[in-house]
Amino acid sequence: MDMDLDNNKDAKPILVILVGAPGSGKSTFCEEVMRSSSRTWLRVCQDTIGNGKAGSKAQCLSSAARGLKDGKSVFIDRCNLNREQRSDFLKLRGESQIDIHAVVLDLPAKLCISRSVKRSGHEGNLQGGKAAAVVNRMLQSKELPKLSEGFNRITFCQSESNVKDAIDTYQKLGPLENLSHGCFGQKNPDSKIQSSIMKFLKKAEVPVDTASKENTIGDSTSQTSGKNDSLCKDMEKIPSAHDNSKLGSKDIEGQTNIPAGSCHNQVSLDDTPTLAFPSISTADFQFNHDKAADIIVEKVVEYSNKMENARLVLVDLTHRSKILSLVKSKAAEKNVDTQKFFTHVGDITRLYSTGGLRCNVIANAANWRLKPGGGGVNASIFDAAGPELESATKEKAKTVSPGNAVVVPLPSSSPLFTREGVTHVIHVLGPNMNPQRPNCLNNDYERGCKVLQDAYASLFEGFASIVRNTVHQNENLGKKSLELQDQSEQCSRNTDQKSKRDADHELEKSKKYKGTHDGFDTTFTGSRDEKVDSEHKRTDGSTKKAWGSWAQALHLIAMHPEKHKDDLLEISEDIVVLNDMYPKAQKHVLVLARSGGLDCLSDVQNEHLSVLKRMHAVGLKWAEKFLSENSSLVFRLGYHSVPSMRQLHLHVISQDFDSKHLKNKKHWNSFNTAFFRDSVDIIDEVSIHGKATLKDDDKLLSMELRCHKCKSAHPNIPRLKSHISSCQAPFPANLLENGRLVGACTK
DNA sequence: GTTCTAGAAC
DNA sequence: GTTCTAGAAC
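Count along the first sequence from 1, add 12, and you get the number used in our numbering.
In short, the hints are calculated from the structure, not lab data. In this text the structure is predicted, and so the values were computed from the model without any measurement. A virtual CB, placed ideally from N, CA and C, is assigned to each residue, including glycine. There could be a bad hint or two in this list.
[Stated by the list, open to error] Derived DEER-like restraints, expressed as beta-carbon distance ranges:
#	residue 1	residue 2	range
1	Glu716	Pro120	21 to 31 Å
2	Leu580	Lys556	50 to 60 Å
3	Trp562	Lys303	47 to 57 Å
4	Ser425	Arg332	46 to 56 Å
5	Arg47	His331	55 to 65 Å
[Unchecked claim] Pairs of lysine to aspartate or glutamate residues, derived as EDC-like cross-links and limited to a Cα-Cα distance of at most 16 Å, are as follows:
#	residue 1	residue 2
6	Lys707	Asp693
7	Lys154	Glu96
8	Lys184	Asp306
9	Lys707	Asp690
10	Lys675	Glu716
11	Lys677	Glu716
12	Lys334	Glu314
13	Lys342	Asp690
14	Lys557	Glu320
15	Lys678	Glu716
16	Lys346	Glu314
17	Lys154	Glu320
Turn these sequences into a full structure, and let the hints guide you.
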């Protein structure tokens with residue numbers, strides 16, 4: 013694109029992309045600057061670009077291009093909260109080398125919401141109760157801009173006075189002047205976390221600025237010894253895949269005075285749901301530390317991939333902790349995302365008050381009677397939480413068996429709640445290898461590992477359900493009223509707590525409805541045996557699933573393949589292979605079992621193991637055939653937990669998901685959440701238990717859309733598809749294990 | 001006004 | 001499973 017600047021030969025138009033939620037003050041910012049600037053500005057506002065009404069992004073782009081061509085400096089006044097939304101505007105630079113700036117109005121969500129609600133007749137028409145829900149939702153997908161996106165300058169405003177300063181800077185910017193490049197105004201995240209601690213503790217002292225403290229290189233452990241080490245730095249110390257990916261743009265990032273933009277993201281989320289957990293079974297229960305560390309990392313990887321905006325923190329009392337250092341190094345080896353998981357040295361009952369690590373949920377290494385005492389973590393948690401925890405626990409369950417967890421909402425009168433901000437305690441019981449303690453497994457590590465895996469799975473699942481309910485509840489809160497926002501912190505925290513209770517009841521109700529209610533409604537059973545049993549009861553208790561006429565197609569083909577010869581890729585005695593009629597990727601075939609009465613995974617029993625293996629082998633063969641034609645493909649083989657079509661069928665699907673038939677959330681999530689069960693895992697499960705574990709939770713299919721590689725969230729299918737068409741991230745570690753992926757780049 | 005989702009019908 | 005479409009979201 014040629015920029016015709018002849019009219020204004022020496023003028024240097026700039027493009028300023030505002031970034032901020034509704035109510036963050038983007039329009040006001042533009043208006044204030046334009047009111048007394050000596051530059052010629054054009055404000056491109058998506059809310060008004062369509063003859064005073066909301067328009068499209070394309071309209072904004074062309075209007076901005078025209079403005080720049082005319083030598084005007086341009087404000088892009090739309091939310092631009094994530095990288096993808098900004099990328100097209102950055103392309104406006106073309107070959108002209110104009111400066112492109114971002115001004116980030118990163119003000120508290122609370123403020124944006126109350127402004128959005130108060131405004132009447134605002135151009136964005138985002139009024140009333142909907143505002144909170146919309147703002148909250150938009151902020152969930154917020155990605156702060158980075159210089160590496162192509163910005164010359166980024167100004168972060170985290171308070172109204174920052175905004176005033178930024179307005180001042182742009183007002184004074186003459187037509188021939190330039191602003192210096194780099195990141196500006198981004199606060200030291202330490203001070204942010206510190207000030208929130210102080211706010212929480214209602215202390216007036218100015219926090220110690222730890223920014224200049226030396227990092228101990230190689231020590232990834234954060235600490236609550238009372239010295240207030242920076243959490244942010246701790247998290248940065250373990251390199252993650254994400255961090256590594258930024259190295260390529262180091263030269264640009266180098267212009268900034270601040271190490272990296274990601275840091276801010278991590279700690280500004282001090283409301284991020286966080287589970288702090290002790291290592292289970294490795295102290296008094298004498299479980300092998302190395303094996304335990306493997307299991308912790310394995311389960312953390314599994315669950316952190318599932319959980320969008322949540323953190324898991326392994327806590328131990330001392331820097332000398334063997335289990336902490338083992339987990340730390342294994343997590344680093346596996347490139348575990350350090351925003352989602354890290355280790356921490358401190359007292360699990362004083363994480364917030366002595367270290368500023370806000371954890372709304374803590375796990376307790378409980379005993380089977382769920383009683384206080386016994387020393388260790390259990391004693392100190394019951395001690396710190398007061399009698400409230402004991403009575404709340406009693407309400408939920410009387411005992412817990414190894415491998416299971418019990419979620420207990422903590423009464424707001426508990427000191428752990430008021431002092432530390434803990435809303436839930438999850439009691440977990442792991443395997444015991446200590447002959448002095450009940451249920452000793454006598455070094456049976458085959459059984460022990462399984463129980464420990466189940467214990468962590470139950471723990472993390474319990475935490476995930478709290479997170480889900482809280483998010484759900486926050487949305488509802490937003491719809492109701494915002495008056496609560498103005499009440500005192502303690503008061504609104506109580507309200508939150510009550511809301512969470514309500515959410516818990518919701519959970520119980522839905523569980524009851526499913527018929528799994530057994531008096532331990534908040535017990536999360538990680539044991540596969542028990543889970544399968546309850547699934548089994550459900551299917552046995554009712555008649556078999558009724559298949560609609562449209563769902564019979566595969567069944568008919570399996571029964572009479574000769575009638576469909578032309579449509580099939582392969583026919584044998586026990587198996588049929590065909591192209592999926594509506595492929596959801598470049599290559600997508602189905603391997604059908606031909607046995608009658610084998611409609612779906614829940615029908616699978618031990619006797620079907622050989623069919624499963626055969627289907628897998630045939631699936632692999634076809635994947636390899638496709639790979640020989642196009643080596644860039646990667647395949648995954650697996651089953652839908654609850655298929656729509658009758659007749660057990662294995663999906664062999666390339667991981668590009670490049671298909672016009674992939675149209676909705678259900679399509680995406682059926683291949684990219686736990687709803688999709690890898691063939692290798694099904695074979696393992698059936699070998700061991702004679703049954704397959706089904707993940708038939710409806711929530712899985714309506715989960716938010718996340719990239720299957722980098723796990724970034726996207727608001728809708730078109731945006732997701734445009735992202736995956738260019739996402740360069742490697743596949744997550746859990747998919748690279750156990751042969752779940754097939755293809756050149758997975759070896 | 002356009003884009004996108006989600007529920008009903010098949 | 002898809003198609004159709006009302007209406008929500010933007």
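Hints, verified against the model:
1. Glu716 - Pro120: 21 to 31 Å: 23 Å, holds
2. Leu580 - Lys556: 50 to 60 Å: The hint (50 to 60 Å, Cβ to Cβ) is violated, given that Leu580 and Lys556 are roughly 27 Å apart.
3. Trp562 - Lys303: 47 to 57 Å: 49 Å, holds
4. Ser425 - Arg332: 46 to 56 Å: 36 Å, violated
5. Arg47 - His331: 55 to 65 Å: 56 Å, holds
6. Lys707 - Asp693: Answer holds: Lys707 to Asp693 is near 13 Å, not above 16 Å.
7. Lys154 - Glu96: 11 Å, holds
8. Lys184 - Asp306: This hinted pair is violated, its Cα atoms lying about 58 Å apart.
9. Lys707 - Asp690: Holds. Lys707 to Asp690 sits at ~12 Å (cutoff 16 Å).
10. Lys675 - Glu716: 14 Å, holds
11. Lys677 - Glu716: Satisfied, since the Cα-Cα distance of roughly 8 Å is no more than 16 Å.
12. Lys334 - Glu314: Given that 16 Å is the threshold and the Cα spacing comes to 23 Å, the pair is violated.
13. Lys342 - Asp690: Roughly 24 Å between the alpha carbons, so the hint for Lys342 and Asp690 is violated.
14. Lys557 - Glu320: 32 Å, violated
15. Lys678 - Glu716: The given pair, whose Cα atoms are some 10 Å apart, holds under the 16 Å limit.
16. Lys346 - Glu314: 12 Å, holds
17. Lys154 - Glu320: At roughly 13 Å apart (the allowed maximum being 16 Å), Glu320 and Lys154 satisfy the hint.
Hint violations for this structure: numbers 2, 4, 8, 12, 13 and 14, all remaining hints satisfied.
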